[in-house]
Amino acid sequence: MLRLWKNPEFVRHFRSELRRTRATAVALVVVAVCALTVLACWADQESHLLAIQAGSGKAPSAAMMHLLITGTAISSFRALMLMQFGVLGFWSVFACAQAVSRERERGTWDFQRTTRLAPYELLVGKLFGEPVLAYFIVACGFPISVVAGMIGGVSILHILSAFLILLSFAVFVGIAGLWLSSVLEGRGRGIVVIAALGMFGILVGAQGLSTSPFPGLAAFSPVSTSWPLLQYPRLSPNPVIFGAPVPWIVMALLLYGSFGAWIVLMLLRNLKRDFQELRLLLRWEVVGCCAFLNFVLYSLFSPNVEVFRDTADLAEFMLAANGFFFFFLGLTMLDTPERLNATTSFSLRSLFSEHGLQWPWLLASSVTSYLLLIWGLLAWGRALPSSAGLPAAAAIHLLIMTLFITRDVLFIQWCKLTGLRAPLMKGVLFLGLYYASVGVLCAVTEVSSNRFAIGLGNVLTPAAAFDRSGSLLSVTGALGIVVQLMAIVFLVSAIHGRVGRIRLAAAVAA
Amino acid sequence: MIRLTSVRKQFGTLLAVRNLDLTIPKGEIYGLIGPNGAGKTTTIRMMCGLLPPTAGQVPIAGVDVIAEPENAQKHIGYLSDFFAVYDDLKVWEYLDYFAHAYKMPEHEIPARVREVISEIGLEVKTDSLIAGLSRGMKQRLGIGRAIIHKPEVLILDEPASGLDPKARFELRLLLQKVRDQGATILISSHILTELDGFCTSIGIMERGQLLRTGTIAEVTSAESPTRPIALRWLGGDSATVRSVLERFPGTSGIDIDGDTAQFRFMGADAGLAQVLAELLTAKIQIVTFTEIKTTVEDLYMKLSHHEVM
Chain A
1 MLRLWKNPEF VRHFRSELRR TRATAVALVV VAVCALTVLA CWADQESHLL AIQAGSGKAP
61 SAAMMHLLIT GTAISSFRAL MLMQFGVLGF WSVFACAQAV SRERERGTWD FQRTTRLAPY
121 ELLVGKLFGE PVLAYFIVAC GFPISVVAGM IGGVSILHIL SAFLILLSFA VFVGIAGLWL
181 SSVLEGRGRG IVVIAALGMF GILVGAQGLS TSPFPGLAAF SPVSTSWPLL QYPRLSPNPV
241 IFGAPVPWIV MALLLYGSFG AWIVLMLLRN LKRDFQELRL LLRWEVVGCC AFLNFVLYSL
301 FSPNVEVFRD TADLAEFMLA ANGFFFFFLG LTMLDTPERL NATTSFSLRS LFSEHGLQWP
361 WLLASSVTSY LLLIWGLLAW GRALPSSAGL PAAAAIHLLI MTLFITRDVL FIQWCKLTGL
421 RAPLMKGVLF LGLYYASVGV LCAVTEVSSN RFAIGLGNVL TPAAAFDRSG SLLSVTGALG
481 IVVQLMAIVF LVSAIHGRVG RIRLAAAVAA
Chain B
511 MIRLTSVRKQ FGTLLAVRNL DLTIPKGEIY GLIGPNGAGK TTTIRMMCGL LPPTAGQVPI
571 AGVDVIAEPE NAQKHIGYLS DFFAVYDDLK VWEYLDYFAH AYKMPEHEIP ARVREVISEI
631 GLEVKTDSLI AGLSRGMKQR LGIGRAIIHK PEVLILDEPA SGLDPKARFE LRLLLQKVRD
691 QGATILISSH ILTELDGFCT SIGIMERGQL LRTGTIAEVT SAESPTRPIA LRWLGGDSAT
751 VRSVLERFPG TSGIDIDGDT AQFRFMGADA GLAQVLAELL TAKIQIVTFT EIKTTVEDLY
811 MKLSHHEVM
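Chains A and B are the protein sequences, given in the same order.
At position 317 of the first sequence the residue is numbered 317 (our numbering), and the sequence of numbers has no breaks.
One gets our numbering by counting positions in the second sequence from 1 and adding 510 to each.
Any given hint might turn out to be false.
[Said to hold, decoys possible] Calculated lysine to aspartate or glutamate pairs in the EDC-like style (CA-CA distance at most 16 Å, straight line):
hint	chain 1	residue 1	chain 2	residue 2
1	A	Lys-6	B	Glu-625
2	B	Lys-648	B	Glu-603
3	B	Lys-600	A	Asp-274
4	B	Lys-687	B	Glu-616
5	B	Lys-648	B	Glu-662
6	B	Lys-600	B	Asp-637
7	B	Lys-660	B	Glu-629
8	A	Lys-6	B	Glu-616
9	B	Lys-660	B	Asp-637
[Said to hold, decoys possible] Facing chain B, according to a computed beta carbon distance under 7 Å, are these residues of chain A, among others:
hint	residue
10	Gly-107
11	Thr-114
12	Thr-115
13	Pro-119
14	Ser-469
15	Ser-471
16	Ala-505
In short, the hints are calculated from the structure, not lab data.
Quick reminder that beta carbons are idealized off the backbone N, C-alpha and C, glycines included.
So here's chain A without its partners, still in its complex pose (with noise of 0.2 Å):
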């Protein structure tokens, strides 16, 4: 069922988008556009070499004449490619980041699902189907772009390779922006369509981590990949996997890949299911993910940009970047109040059960990212200066992290048990006004001590995991351990009795 043409969801959007005579329509405004643009570069080529021309004092050469043909063929090759870049990418994620909040606004999608359609399907064709007139177009470029690249002297491989960019990048965006709208299909959809733009300019505006010590990110953006396959003047040298280079292409496949599949894992798991009982991943998968998370970034780790002057430098960022991965990975562990099993037994079956609370595995993936931190630093320690105990540091401050990610972990699944409407987005401004509460309360107490404010920040905010004070734990540290994990406990109590609550509402009623 994965034949497009046999797919239903395809079929549909196929059919009611691309009607004979509006597919007329479109090819024949593609082509005129291909036309206009090919007479605009050969305008502006002329008239560069009519200048050229008067400067030299010499007559029109055939020379000449070959040189306008190939410069307005280059130049149209990449003007075309551009505006198909710029077409099926933003059409797609456009189009995909509606594709699940417009069908359950117009009261459809109970019926999709009511079909026999796996979700595996719904995907494809609502992927491919979604952004058809957009496909449809760059079908229609497509020979005339050709042609112009090969008459530029564009080799047939860096065409088709562009071509191959381009399909990869919108069946990209594309996912995520299907992501995005199944995720967020309780809110509005204009919600959800500027949330898929956001993403959109972040992706392509990944361009700029080229001079990170990260620069195989930047192959998320189509502008790093394509540039040197139009012709154009490398932006930057290749990115590297551990160290090796590879091309741009080869990087951007993989990154696409990698991800993308992470991401068809959670669509598939929770495309037909209702909106209050999405599941994103299951608790083993957070901790693969969290994994895979850490070894990208190690794996695409570059010691030659020089932003990080030791390895403590990188295991600060990691340290970071965790506390990101954590937070997003606890939120896809959040569970239905029906659901959540908060037992109070502290048996390893049922602390790790699969509807259980989100500590101990925020914890196992804490200590799977130590691991791979551990393993990042042996294997950079080469290309950086080493620093001095730094793994029983890191273990300190990577603890310290998880236990306010925790923390506000359990919050906002406290939320979801307290029959708040959208328990999440509440949940998170909240976080947000404790945090920025707490950044003006340090601001304030820093005009008298500045010693006392950097304790109190230590005590209500994860600051203390980035101290380089060099001991390996301040007083105040510690005692924002502390108090973290009686917050965790009363947090883990409070859920416990609201779950209990419900289990008791549900006994009497029954």
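Since the structure of chain A is already known, use the hints to place chain B on it.
Okay, now just chain B, sitting in the frame of chain A:
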């Protein structure tokens, strides 16, 4: 055909459906009635596999909708009150899409699409865009979508809401046709007159529980074993009428008003015939002598406490 066993659905502290047990045999037209918030839609969504139950099992045609959702959908046709359709498709394309989505054998699809279009009476609109159809036509198309794969169970959630009387009548005819083809139909509706004379059995739901379930006769007799009878006669001899009626041990609640009377009768039809014969023997000129049929609405008003969660 439909068998719900100890089904419970909980949203936080709210128990939307409480240990619901419901069996609907093959060929029944089952009317699920109850006030807003009674748990009807939640029950229906669980039957269609749109919502997993917190506890209990929901096998439809012997297939568990939660364990084998795609397999179970083969047996289920679903239509909700909000009958959205794809306006940018043609009528035949819409049905063709769902026929493929329900994975009907490829070679059967064109004929089945034509057959359903004919059943729903949209032959002249086959090649028209859905956007141009009237609301009633769209609703019929919705029914067509629900039956395109010949489901054994048809589940309809408030299918007539928002339809004008003519469209409602057409919908009723269409559903009768589907029933005649052997489908089991579960229909939830607020418009109780709509279910009268159409449902073979009913369930009255309130606060997530079934207050009564069974055939209309069963529910009626369970509620009250007596039957209400009305009669009218010529002349004003109400004393004779009363004395005749009081002679029978099965009669009760005699209420005489001028030349009309109502009473309740407990017993078989033969006993009732005897009452009529006795009245005629007493020279009462009977004009009408009828049993007042208990409507679904009467039953609902009698049984329901109109409580919502």
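Cross-check of the supplied hints:
Using a Cα cut-off of 16 Å, the hinted pair Lys-6/A and Glu-625/B is violated, with the two alpha carbons roughly 22 Å apart. Among the hinted pairs, Lys-648/B with Glu-603/B is consistent with the structure: their alpha-carbon atoms are about 14 Å apart, no more than 16 Å. Distance restraint check for Lys-600/B and Asp-274/A: the Cα-Cα separation of roughly 29 Å exceeds the 16 Å cut-off, and the hinted pair is therefore not satisfied. A distance of roughly 25 Å separates the Cα atoms of Lys-687/B and Glu-616/B; the hinted pair therefore is violated under the 16 Å criterion.
Between Lys-648/B and Glu-662/B, the direct Cα distance comes to roughly 23 Å. Violation of the 16 Å bound is thereby established for this hinted pair. As the CA atoms of Lys-600/B and Asp-637/B are separated by approximately 6 Å, the hinted pair is consistent with the 16 Å bound. With a C-alpha separation of about 12 Å, the suggested pairing of Lys-660/B with Glu-629/B holds against the 16 Å cut-off. With a C-alpha separation of about 10 Å, the suggested pairing of Lys-6/A with Glu-616/B holds against the 16 Å cut-off.
For a cut-off of 16 Å, the pair hint linking Lys-660/B to Asp-637/B is broken: about 23 Å separates their Cα positions. Interface hint status for Gly-107/A: upheld, as the beta-carbon distance to the closest one in chain B is roughly 3 Å, under 7 Å. A distance limit of 7 Å between C-beta atoms decides the matter here; for Thr-114/A the minimum to chain B is near 5 Å, and the interface restraint holds. Of the supplied interface hints, the one on Thr-115/A holds, with its beta-carbon coming within about 4 Å of a beta-carbon of chain B, less than 7 Å.
Given the 7 Å rule on beta carbons, the hint for Pro-119/A is violated: about 10 Å separates it from the nearest Cβ of chain B. Hint status for Ser-469/A relative to chain B: violated, with the closest Cβ pair at about 47 Å, above 7 Å. Checking Ser-471/A against chain B: minimum C-beta separation of about 47 Å lies over 7 Å; hint violated. At its closest, the beta carbon of Ala-505/A sits 4 Å from a beta carbon of chain B; the interface hint therefore holds under the 7 Å criterion.
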